[in-house]
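Could you put the whole structure together from the sequences, leaning on the hints where they help?
Chains as they are written, first to last, in my numbering: chain A, 427 to 578; chain B, 427 to 578.
Quick caveat, the hints were computed from the structure, so don't treat them as lab data.
It is possible that some hints are incorrect.
One copy or any two copies: either way a pair holds, since identical chains are not told apart in the list.
[Said to hold, decoys possible] With a straight-line Cα cutoff of 35 angstroms, these simulated DSBU-like cross-link-like pairs (lysine-lysine) come out:
| # | residue 1 | residue 2 |
| --- | --- | --- |
| 1 | Lys435 | Lys555 |
| 2 | Lys481 | Lys435 |
| 3 | Lys498 | Lys481 |
| 4 | Lys546 | Lys498 |
| 5 | Lys486 | Lys435 |
| 6 | Lys498 | Lys435 |
Protein chains: 2
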Amino acid sequence: MTYENLDRKLINELLEDGRASLRSLADDLDVSVTTVSNHLTDLEEQGIIQGYTPKVNYDKIGYDVTAILQLKVEGSALPEVTDRLEELDQMTSVYEVTGDHDIIAIGKFADTDDMNAEIKSLLTDPEIKESNTSVVLNAAVEHEQFGLDVEQ
Amino acid sequence: MTYENLDRKLINELLEDGRASLRSLADDLDVSVTTVSNHLTDLEEQGIIQGYTPKVNYDKIGYDVTAILQLKVEGSALPEVTDRLEELDQMTSVYEVTGDHDIIAIGKFADTDDMNAEIKSLLTDPEIKESNTSVVLNAAVEHEQFGLDVEQ
DNA sequence: TGACGCCAATGACGTACGAAAATCTCGACC
DNA sequence: GGTCGAGATTTTCGTACGTCATTGGCGTCA
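Here you go:
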């Protein structure tokens, strides 16, 4: 058996508290500690759970500006531009997409000056044909992960 | 003292392994377990660390499509529309933004049918004046959190 | 004074392992 | 076709052991 109800419940529990102990998980799910441990290592080995992170509030540590960049790129240069964005660690998400633009990237910056500098240096790239920046006024939801449906 | 180098190092360590034990953190940072414990609870109380989550690979559990919606909204209806999006738990991020559009939202869907259904039902809202959907072809980076600079 | 380290005690925790239980497999049979 | 059961396989469980987190008290340093 690979992936069923218990695993979904396990993921849901961890989504609420990623540092919950195996024992508390076992109690909540009415199975033994060993079972939780086994399923959890399985989930990790299968790559369904890819690790654990604290949710860091970047606003509170001086990254006040979140911006969303949309880029149109010379077709053949797409992977190259994606790579460049990927290497900037202030980029929290970089997507290659269909539609008007080719790339949508989300980044966090100390302030608008920092943002402008970073973006300007990006846009010197001649392969970027067009760009469009939106500054986030309010992050109503950010990086939220949703729980999974469980039978009955 | 409120927030300094040790806290940054602590956050960086946790970004690498959010389930690391206090002891291993203490070893890595060359301080006592007690100190790690104190700083960690401080960070949590200050809201700099807002909890812990597993990184769930939604691709592997049947959510194959990620889409980015951009909406133009009747000015006064912005909070209302944001609320509606916020309540859909398939939305992983919902931003109110400057620029061409008013809202940018990112969601995950089981397949394109699921996506179309969800989006259509959203767009029945008469307060949404215009919309634009981009489907993600490749998530080069997603929900990545970057480490903090540490002095020397 | 406040940040930190150390110590000690206690209850909680993770992991390994062998036993028990549940589930699957597959040929034999009516 | 349907079902029965022995054996194999998988999953779960309880135990036990060494480690861990937490708390309070006390000393040190700047």
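Hint by hint, here is what the structure shows:
no.: 1; hint: Lys435 x Lys555; result: neither (46 angstroms within a copy, 39 angstroms between copies)
no.: 2; hint: Lys481 x Lys435; result: both (21 angstroms within a copy, 15 angstroms between copies)
no.: 3; hint: Lys498 x Lys481; result: both (31 angstroms within a copy, 30 angstroms between copies)
no.: 4; hint: Lys546 x Lys498; result: both (15 angstroms within a copy, 27 angstroms between copies)
no.: 5; hint: Lys486 x Lys435; result: both (32 angstroms within a copy, 16 angstroms between copies)
no.: 6; hint: Lys498 x Lys435; result: neither (41 angstroms within a copy, 37 angstroms between copies)
Against the hints set out earlier in the document, violations occur for numbers 1 and 6.
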